[in-house]
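S.K.: So the sequence lines, in the order shown, correspond to chains A and B. Position 121 of the first sequence, counting from 1, maps to 121 under our numbering, and the rest follow consecutively. The number in our numbering is simply the position in the second sequence, starting from 1, with 1000 added.
Think of the hints as simulated: they come from the structure by calculation, not from any bench. Here the structure is a predicted model, which is why all the values come from computation and not from measurement. Be aware that a few hints might be false.
Said to hold, decoys possible - Under 8 Å between C-beta atoms, here's a sample of chain B residues computed to sit facing chain A: (1) 1048; (2) 1050; (3) 1068; (4) 1071; (5) 1074; (6) 1083; (7) 1085; (8) 1088; (9) 1089; (10) 1184.
Claimed, not checked - Here are the in silico distance ranges between beta carbons for each label pair: (11) A:182 to B:1288: 51 to 61 Å; (12) B:1132 to A:103: 32 to 42 Å; (13) A:15 to B:1137: 33 to 43 Å; (14) A:79 to B:1135: 28 to 38 Å; (15) B:1180 to A:98: 49 to 59 Å; (16) B:1270 to A:182: 53 to 63 Å.
Ideal placement from N, C-alpha and C gives every residue a C-beta, glycine not left out.
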Amino acid sequence: MKRQAGVMRIGVSSLWAWWVPLAWLVALLAMIQIMPDGEDIFRQIAPDNRSVIYRRDDFLTLVANHMAIVGVASLVAITAGVGAAVVVTRSWGRDFLPLVAQLASMGQTFPPVAVLALSVPMLGFGTEPTIMALVLYGLLPIVRNTLVGLQGIDADVLEAARGMGMSAIQILWQVELPLAFKVIVAGIRTSVTINIATAAIGSTIGAKTLGDPIIAGIINGNTAYILQGAILIALLALCVDSSFERFSRLL
Amino acid sequence: MIELREVSKLFGREHAVDGISLTVASGELCVLVGTSGCGKSTTLRMINRLIEHSAGQILIDGQQIRSFNGQVLRRRMGYAIQSTGLFPHWSVARNIGLVPRLLKWTPARIEERVTELMELLGLEPATFADKMPAQLSGGQAQRVGVARALAADPDILLMDEPFGALDPITRETLQDELLRLQSRLRKTIVFVTHDMDEALKLADRIVVMNQGRIVQQGTPQTLLHEPADEFVESLLGGADRGLKQAGLTRVATLMQPLDPAQAKAKADLPTVGVDDSLRLALSLMLWHRCESLMVTSEDGQPVGTLAFHDLLRTAP
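Let the hints inform the model, and build the full structure from the sequences given.
M.R.: See below:
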């Protein structure tokens, strides 16, 4: 009985702690729901346009697509970024450390638009080149933070782990990654948040994202469209970022 | 038993360890002493293959350590280091249970062993089991480190300046505990330190190293009486040697049995324990400005007297 009460209390308090991301999620869903009916309001912003609500796709589809593109790109970036950082911090991979660190920095100095332009001839138009650009763009924070996290571990802890007879794999999974986890998650948070914003550019080469209303708005001089896309992107980014913030506090 | 035969270690062209031969018998507490960079830690780490030796042979119970897998070898030996190297994300109990878990003991057996060790090292299981290393004091953390090293009941214990970072009082307590443990467990211990007092106190045998070579090895008494050269002499503290030697000798060896007729007359003398050191006895005489002390047994009964001139006799 006593134990159950404890579980209940923890359940309620931890749910309460998630109110910020939940609030952003509710705002996002509400906007998806009510913006199509907001013709009167958006008419004030763009009085000269024939249509003031973006209707080529419904907003829910765009949000879902946007999330899917960012999700796939982030999964690839996390796998590649954490993997590369782990490899170059092994004794046998140490030679590649400067190379990987530089490649990751270069990935971020490239403007995403340039990556899109370069990848279209290889991958064609649409979703794939967008994902590739996002992967390259999102790698740096993940690689950098994983490196910092792994290199920041007390050398004596690793010495003791080896001295106790742990294998390299056991040390990696039971000691290094858990100890670096918080820093790695912070890198993933930066990467994902940046990419939610950057993914909109994918619309210029035909990926279906929340950038569609923005691009259409720019082409037609329709501020209402731009605003609709921007509001949804901002709410999505806030929702995901605050979720990460909550999650990293649990660690 | 640990045997080193003509063992060398080269880092590049530097000889970190240069052809040392050394035998540590089973149940012996062997202390490697020397200044920093003398190769004592390297020697220790070669025994569990954290560092591979470049030349010579190292044998454990007659078997070449190269014939074992490094991890298997290390799980068979306890290892404790100065900074403890406790895993900061694991509780005390989980840290102690590390090697048994690697050896795939059952959870029940691990838990039983962890509780046993915590009690052995004076860590109240109910209080400490769930604490994290960051919540421990230096002395407590080092106890956990020693418990972790002992967890799988290894025959051999390697200790690399385990008490070096502790304050003098805690260090002394832990040294006493190590001696107490050793008298019960009789492990083969190789202990590295730069502190000659610690070596004199703990060692069955002291091995003095300098520039990768063994300068002298022997019992604490041998070293004090016949230091091989100036280096050993300076490690022993030069003129302080007399006090150090007195620190190694028990009052019991030089006291005079109590004459019942005089017992009353001497009842108000300051007292010293029969197992205390002559150094302590001398200090008491200086402090109380008296020339003789009453010697008492463990239960406080007077058993003899110790006079200042007794200290000048050589121990039988």
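S.K.: Decide, hint by hint, whether the structure agrees.
M.R.: Evaluation of the provided hints:
1. 1048: Given a least distance of 6 Å, the restraint on residue 1048 (chain B) holds.
2. 1050: Given a least distance of 6 Å, the restraint on residue 1050 (chain B) holds.
3. 1068: 11 Å, violated
4. 1071: Where the cut-off is 8 Å and the nearest Cβ of chain A is about 5 Å from residue 1071 (chain B), the hint holds.
5. 1074: 4 Å, holds
6. 1083: Hint on residue 1083 (chain B): holds, closest Cβ of chain A at ~4 Å, below 8 Å.
7. 1085: 3 Å, holds
8. 1088: 7 Å, holds
9. 1089: 5 Å, holds
10. 1184: Status violated, d = 23 Å.
11. A:182 to B:1288: 51 to 61 Å: 59 Å, holds
12. B:1132 to A:103: 32 to 42 Å: 38 Å, holds
13. A:15 to B:1137: 33 to 43 Å: 38 Å, holds
14. A:79 to B:1135: 28 to 38 Å: 36 Å, holds
15. B:1180 to A:98: 49 to 59 Å: Because 52 Å falls inside the window, the suggested range holds.
16. B:1270 to A:182: 53 to 63 Å: With Cβ atoms ~59 Å apart, the hint holds.
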